[in-house]
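Fit chain R to the known structure of chain L by using the hints.
Protein chains in written order, with numbering that gives the first Met the number 0: chain L, 0 to 461; chain R, 0 to 165.
All clues given are correct.
Here are the simulated DMTMM-like pairs of lysine to aspartate or glutamate, each with C-alpha atoms no more than 25 Å apart in a straight line:
1) L:149 - R:120
2) L:440 - R:121
3) L:66 - R:121
Chain L is faced by these chain R residues, among others (derived, beta-carbon under 10 Å):
4) 17
5) 18
6) 51
7) 61
8) 65
Here are some, though not all, of the chain L residues that point toward chain R, as calculated from beta-carbon distances under 10 Å:
9) 342
10) 351
11) 395
12) 402
13) 403
Hints listed in this document are in silico derivations from the structure and should not be mistaken for laboratory results.
Quick reminder that beta carbons are idealized off the backbone N, C-alpha and C, glycines included.
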Amino acid sequence: MWALKAAIVFVAAIFLAAGAFLVFAWRSEIPEDATAGEASFAPELVARGAQLAAVGNCIACHTVPGKPAFSGGLAVPTPFGTIYSTNITPDRDTGIGGWNEAAFERAMREGVDRAGNHLYPAFPYDHFTRVTAQDNRALYAFLMTRAAVKAEATENELPFPLEFRPLLAGWKLLFLRQGEVEPEAARSEEWNRGRYLVEGLGHCGACHTPRNAFGAEDRDRHFGGGEAEGWQAYAINPDSKAPIPWDEQSLAFYLRNGWHEFHGVSRGPMAEVTGNLSLLPDSDIAAIATYVVSVMGDPTPERAQRAAELREQFEADRLEQTADSQSSVALASGGQAGETLYLAACANCHQGARRQPFGGLNFELSTAVNAPNPQNIVNVVLFGLPPADGEASAVMPAFRHILSDQQLADLLAYMRESFSDEPAWSGLVEQVANTRSGAYKVTIRPSDGIERAPHNVGAEEE
Amino acid sequence: MTISLTVNGSSHAIDADPATPLLYVLRDDLGLNGAKYGCGLGQCGSCTVVVDGEAVLSCMVPIMLLEGREVTTVEGLGTIDEPGPLQQAFIELQAAQCGYCIPGMMMSAHALLRRKAQPSEEEIREALTTNLCRCGTHMRILAAIRRAGELMRAASLPGPDEGRTG
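One chain only, chain L, in its complex shape (with noise of 0.2 Å):
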């Protein structure tokens, strides 16, 4: 008897708790507004709009390659399965063309959608809840005057109990805190822009910052590196490995142009970044540049002094430079195995007489072998970067077809020990069997992001 009752008391118990989460857990639909998608904004927003998508990078989640801008359905994956990317063109079926600009707003400040479902956050909505009701006003203007396209999402693949979606507003309770960050008033207002843009809309913790178990951001190592895509997102705090230090200059020119003489060119998912933050204003790059080699902060002595050497060393280079495109590298043959493959097959561009962009980053000034794991490196020599559609671009041939495994391995060995003074990479021949499988996904695209491709007609419409 007493035990029927302990246990009645215990059910009830999880009932009442499962009902209070239930209730914790429940947003109201917001109902449908039938004339949202046919609403007309005043172009100047519009126009702003289309500036603050470019900061939120959003058109690099929400378009597959090659089929219209912002119709969704990309899949990203995630430790913990993949999700596929919504339609956010004003399509009243499929996108968001029956959500009025309270719906989108909460989206962006809550993570929630129309009809009150919580949000997985790969929709960074834990920094796009810092963007301004004015911004998002913006933002929406552009989204809802862009071309609908009928594009069903696809359903995520995500293991059970993940695809229950009140879970999330657990997630939120521990990692999300909602709401703008009020301006520090020591700080200078170009300061002040920069964090705004970067830990709001440019959403850039999101790749550069780690992630603990539960996929969120951990705030204790901001900006410390992170990887997206199969890509490593450099530390850019502190800890960046960047044999010249970033400073305000380096970084705004990089981000204006997408490549830097003494850091090389961005590619990857940063391609696509720096492609889109060409739509700024140059007072937005420098105002990012400020903020984050503020992060970064001022390098040790010794650094800086490195620093100098090299920059003595590669400007006095740069003078003697040619457009003579053959290097004068002797071709030595004998050393070590990684070495006879780098003088072969390497040396000759990334040795070479040409500048950059379109020679190859002499290794003295790479982050990418000074970091922590060589992902990066590994991606760009199996797979290349592949030449941006229709202009002129970095380009790096593909090795795949060419090195083993074991050969791979080997170069990077050499590499590490010649330009870096951080220790010895391992397990390298497996990483390098894995990426050329594809049991560790790595996204390719071009140097500029495939979206901008003249044959996007979607994209193009802008």
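Just chain R now, with coordinates in the frame of chain L:
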């Protein structure tokens, strides 16, 4: 140092620095002048050959990496008297203007058609992204590759009489 190379089915003992690019050996030692020197930096595709079924840029490949592997050049696709399907299609559709890029184009197409005899337009363009043509015969090149695919499929289908003879 001697390195053994298999090119278009014949093996050759090459006495050269192992770091020598394949392109130089093909042209200077073996007299196979189909593959062209364009940029020398792996950026234009005019030196493309096929190694073990895959298109590679021969100006970028040191011969030391080719021991025991099968190299095919444009000369390996057919002869003047008996052009292979790709060569036949390029002649038929007059896809060359100056012709400098064409051997590279054909070898990229060869690697593609080996994998897939009926590629989509997208796949053909994708396979040729690393091949530049300055004359602008791109549309004819694309058409020739589609035509070559047709010729290959026709050749591999059983003829009308074949069913009866067996």
